[in-house]
Amino acid sequence: MLESTRDAYAKALLEVGRKNADIVVLDADLAKSTKTITFAKEFPDRFFDCGIAEQNMMSIAAGLAASGKVPFASTFAVFASGRCFDQLRVSIAQPGLNVKVVATHGGITVGEDGASHQGIEDLALISPLPNFTVIVPADSVEAAQAVEAAAKTQGPFYIRMSRSSTPVIFGDDYEFSIGKSVTIRDGKDAAIIAVGIMVAPAIEAAERLTADGIDCRVINMATVKPLDEEAILKAAAETGCVVTAEEHLVRGGVGSAIAQVVAENQPVPMEFIAIERNNAKSGKPELLLERCCLTDSDIEQAVRSCISRKG
Amino acid sequence: MQLSKNNGSLSNGASDNAGAFSLSDAELLDKAKTIRRHIVEMVGKAGSGHPGGSLSAVEIVTALYFRALRHNPKNPQWADRDRFILSKGHAAPVLYAALAECDYMPVEELSTLRQLDSRLQGHTDMTTVPGVEMSAGSLGQGLSFSVGVALAGRLDKRNYWVYTLLGDGECDEGQVWEAAMAAAHYKLDRMIAFVDYNKLQIDGWNKDVMNLEPFTDKWRAFGWYVIEIDGNDFGQVFSAIDSAKKVSNQPKMIIAHTVKGKGVSYMENNVDFHGKAPNEEEIKKALKELK
Chain A
318 MLESTRDAYA KALLEVGRKN ADIVVLDADL AKSTKTITFA KEFPDRFFDC GIAEQNMMSI
378 AAGLAASGKV PFASTFAVFA SGRCFDQLRV SIAQPGLNVK VVATHGGITV GEDGASHQGI
438 EDLALISPLP NFTVIVPADS VEAAQAVEAA AKTQGPFYIR MSRSSTPVIF GDDYEFSIGK
498 SVTIRDGKDA AIIAVGIMVA PAIEAAERLT ADGIDCRVIN MATVKPLDEE AILKAAAETG
558 CVVTAEEHLV RGGVGSAIAQ VVAENQPVPM EFIAIERNNA KSGKPELLLE RCCLTDSDIE
618 QAVRSCISRK G
Chain B
1450 MQLSKNNGSL SNGASDNAGA FSLSDAELLD KAKTIRRHIV EMVGKAGSGH PGGSLSAVEI
1510 VTALYFRALR HNPKNPQWAD RDRFILSKGH AAPVLYAALA ECDYMPVEEL STLRQLDSRL
1570 QGHTDMTTVP GVEMSAGSLG QGLSFSVGVA LAGRLDKRNY WVYTLLGDGE CDEGQVWEAA
1630 MAAAHYKLDR MIAFVDYNKL QIDGWNKDVM NLEPFTDKWR AFGWYVIEID GNDFGQVFSA
1690 IDSAKKVSNQ PKMIIAHTVK GKGVSYMENN VDFHGKAPNE EEIKKALKEL K
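Residue numbers (the numbering used here), protein chains in the order written: chain A, 318 to 628; chain B, 1450 to 1740.
Calculated directly from the structure, the hints in this document are not laboratory data.
No experiment lies behind these values; they were computed from the predicted model shown.
All residues carry an ideal CB built from backbone N, CA and C; glycine is no exception.
Treat the hints with caution; some may be incorrect.
Unchecked claim - Result set (BS3-like, lysine-lysine): computed pairs, CA atoms no more than 25 Å apart in a straight line: (1) 469(A) to 505(A); (2) 336(A) to 349(A); (3) 542(A) to 601(A); (4) 469(A) to 1606(B); (5) 1606(B) to 358(A); (6) 336(A) to 469(A); (7) 1695(B) to 1636(B); (8) 328(A) to 497(A); (9) 1482(B) to 1636(B); (10) 1667(B) to 1656(B); (11) 1606(B) to 336(A); (12) 358(A) to 1636(B).
What the hints assert, rightly or not - Now the in silico label distances, taken between C-beta atoms and shown as ranges: (13) 1698(B) to 361(A): 17 to 23 Å; (14) 1692(B) to 403(A): 32 to 38 Å; (15) 581(A) to 1738(B): 57 to 63 Å; (16) 403(A) to 1719(B): 25 to 31 Å; (17) 1660(B) to 599(A): 37 to 43 Å; (18) 1653(B) to 550(A): 55 to 61 Å.
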């Protein structure tokens, strides 16, 4: 089954909006794309279209939060993180205001819109901001639960959703918890720590490696900040090598953050599946993933190479 | 300091408001002087800071905190309080001085401005200073923030007023005009904003750095009800607030013509004192003038 995380966002927003009358939603003329339009239809008085003025939207959200509202502000990841960086930093992060930034169209799988619209630097920009919790859900089930968790938890959040439909990984019994990673598959020879849409190919790669007798652990690190350091160190200690996988630039991404934890506490060989250069272009999402070496085969190869570097 | 002859007595102003403070005209003039002395002393002691744009806004801030604003220093988070949002965050000294004079914090604390571990940062921090409504410092965000505060007030059916103080140079920022458009679009008539139009910004006169004129026309064109006043004149500040409150369905902008460094002779219209502290000699001279 396929479903996009932005569709899950639309449904979850309605759920939380029905429960909590203080939840308000802001968008910047992209309500049909970010899917906040669903909320707007049911709660027109609690929805504010700010027009094509993302910076204004973020500071308005800050003012709403300072007055007791729980604003969800949505636009594409490139605009939410890049265009609004200063507003997120000064209006929201530094005072720790209760604003939920839900950015859709994250990563290169935005596809045909091309480089300007592919948000592949957002995690590097947002993660260092004080007070922000950063989440990249792996599928629609986790996306919905992340939205519910953010609605209930005080403080600023950045949640990255995808445009494309992706495999549903988790069942109805899945329980997302902020800051806790999930070990999807246990293993002792290597660990793949993946986020977002890279979790599905990571599972695929691990399955394929079993044919060669390689027993690979797969961890879904949905909360990018704060990282589940305990799980990272356990994986490093027990498997002896770590491969990270993310739909983000390699510099400043999740792999960098995980490498810092590993290097400081439990140094082991690491490989990084991520975008090496910002050479993205227009194209179909699956072709872009191939071009940027973000496929299950790329992960498989990285695991083999990482294992060969063990001491 | 002279009250304007054309605008009647101060008592015409904001009399419908049951604020926590209600100073007489003479007391207000005294209070303004006290606040000016605090600004000179605190910036002087800190050795850095922004005296010019703090001094130009003294009458606006004093008029608000000591008569117009409904607020309660014993309960800074009172849900129905009127809000004052300082968007030009570098004018923190004038806000800190007013808050201290209202007992939001001890007056002695003003001397800790800009020191390590002081609550009084160079630019405002809403998480540490009671009474500060917004963390500012990066210009252009306060009017947008105010739009959010006003929208929340409307949703909650509270009838508080949202006052915002912008700098003139700050209006170079594009975000100010995004907020201007939004406030008019949402018909936020509980918003009353001031521009402290002292005509100077760091690199020189507004007209040379980035011309703002025709400034009132711009705000009108963006859908605001605009009043133009002498912003260093209490009488005019109060009558502007009064007229602004009578206008519904649109946000209100009070273009307050002021003098940068007002009240300290050598700082008046002197851009050098935008972001420079007076030395010991200069502090003495200023305090003498502000007796």
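Any hints this thing doesn't respect? Which numbers, in order?
1, 3, 9
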